[in-house]
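*Asks:* Those sequence lines, one after another, are chains A and B.
Using numbering that gives the first Met the number 0, you'd call the opening residue of the first sequence number 0 and step up by one each time.
Using numbering that gives the first Met the number 0, you'd call the opening residue of the second sequence number 0 and step up by one each time.
Please keep in mind that the hints were generated in silico from the structure rather than gathered at the bench.
Misleading hints may appear alongside valid ones.
Copies of the same chain look alike in the list, so a pair counts if it fits in one copy or across any two.
[Claimed, not checked] Here are the simulated lysine to any residue pairs, SDA-like style, with alpha carbons at most 25 Å apart: (1) K15 with F156; (2) K179 with T44; (3) K179 with A134; (4) K13 with R116; (5) K179 with I28; (6) K179 with A58; (7) K191 with I141; (8) K15 with S32; (9) K191 with R107; (10) K191 with C138; (11) K191 with A78.
Number of protein chains: 2
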Amino acid sequence: MSARRRVVLASANKGKLAEVQALLEGSGIELRSLSEFEMPDVEETGLTFVENAIIKARAACVASGLPAIADDSGLEVDALGGEPGVHSARFAGIHGDDQANNALLLERLAQVPGSGRSGRFRCVVVSLAHAADPAPLICEGIWEGRIADHPRGGGGFGYDPLFVPRGMSMTSAELSPAEKNRLSHRAQALRKLIERLTMAVA
Amino acid sequence: MSARRRVVLASANKGKLAEVQALLEGSGIELRSLSEFEMPDVEETGLTFVENAIIKARAACVASGLPAIADDSGLEVDALGGEPGVHSARFAGIHGDDQANNALLLERLAQVPGSGRSGRFRCVVVSLAHAADPAPLICEGIWEGRIADHPRGGGGFGYDPLFVPRGMSMTSAELSPAEKNRLSHRAQALRKLIERLTMAVA
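Next comes chain A alone, as it looks inside the complex (with noise of 0.2 Å):
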């Protein structure tokens, strides 16, 4: 084994930090939060989850001197042409705030009857081994459902109180933490990254 390899993640949602914490457990990485750091203020101006993905990664590796994991996902529901997509953290005008956001979600919806009421979490994950590497690693995790009529469930954040996972009656807010973590776009998406990591390690 070689030593321990520190990648930062260009997040400082501790929530999300965790997860990828629990993730690495055992593989020689070691995780740092972007906290630690002089926190760049990155503007998402990618059109596509992978180039938002890499310009976090990129500023995350400025910031920290590190290689640098991150994340960019979405809701795509296909009865909206696949919105909000790329705008799903500012679908209602301002980024983040989520009860905005679910409101608009079911008012696009009222209309649609549940059968047409499909979609999809979908999470891409870059890593970069230094600011200027030319070729990420970059894996897609992909969590189908479908939006439900009425909001539902405390955990999560985001859509999570709206969807609910294929195969589920539960929303994806009502699932718990570990529960959520062995199933979403996000886990699926950083457990392929984390082997491909892993295996450059060894």
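Take the given structure of chain A and dock chain B to it, following the hints.
*Replies:* Here is chain B on its own, set in the frame of chain A:
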């Protein structure tokens, strides 16, 4: 089988068009050249292969109104810390000046013995369903090899006269077009992408 789909290749290079066309044989996908449309002048401002490929594919979607495939590729030389990488086409300063690029590469490696001249061609291909597609299909191909002491062969383009594929003694410029199209980084990446595109068609 569904109706034929048209896809534009974000390139005006006839050799590349023929190569992709051959790989698409029997797939139900009809390839169009970007030269049929009002061509945009695309600035490859991305710092990674995937960002550049997305930029090119998006411009091709806008120009054609069709789904687009684009590639970005380069040569990574270990003794040069991965350079020329994303700068491969303009290593010596002028975009596409193969002779100057090859001469500079030989100069940089002048003191590096054969055992240290390892490198690889890397190609990233992306497909966008439309200009605002947030989730491009992304596939990568890697062709391992080493850098020769002097250029050999008149086929291919770019660094082909200096690239000796692993397990071979010829350079990639000495391979027949058919052989190169079977082995190359671009062929590997395109085969993966076409497999995913045709799955989506079926």
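*Asks:* Are the hints correct? Go through all of them and say.
*Replies:* Comparing the hints with the structure gives:
Taking the closest pair of Cα atoms, K15 and F156 come within 25 Å of each other only inside a single copy of the chain (11 Å); across copies the shortest separation is 46 Å, beyond that limit. Proximity of K179 to T44 under the C-alpha cut-off of 25 Å is found in neither arrangement, the shortest distances being 29 Å within a copy and 38 Å between copies. Only between protomers do K179 and A134 lie at most 25 Å apart by alpha-carbon distance; the minimum there is 23 Å, versus 30 Å within a single protomer. Neither within a single protomer nor between protomers do K13 and R116 lie at most 25 Å apart by alpha-carbon distance, with minima of 31 Å and 44 Å respectively.
For the homomeric pair K179 and I28, the shortest alpha-carbon distance inside one copy (23 Å) is at most 25 Å, but the shortest distance between copies (39 Å) is not. Within a single copy, K179 and A58 get their C-alpha atoms no closer than 28 Å, and across copies no closer than 38 Å, so neither meets the 25 Å cut-off. In the homo-oligomer, the alpha carbons of K191 and I141 lie at most 25 Å apart both inside one protomer (12 Å) and across protomers (19 Å), since each shortest distance falls under that limit. Proximity of K15 and S32 under a CA criterion of 25 Å is satisfied intra-copy only: 10 Å inside one chain copy versus 44 Å between copies.
Taking the closest pair of Cα atoms, K191 and R107 never come within 25 Å of each other, the shortest separation being 34 Å inside a single copy and 37 Å across copies. In the homo-oligomer, the alpha carbons of K191 and C138 lie at most 25 Å apart both inside one protomer (6 Å) and across protomers (15 Å), since each shortest distance falls under that limit. In this assembly of identical chains, K191 and A78 lie within 25 Å of each other by CA distance neither inside one copy nor across copies; the values are 29 Å within and 29 Å between.
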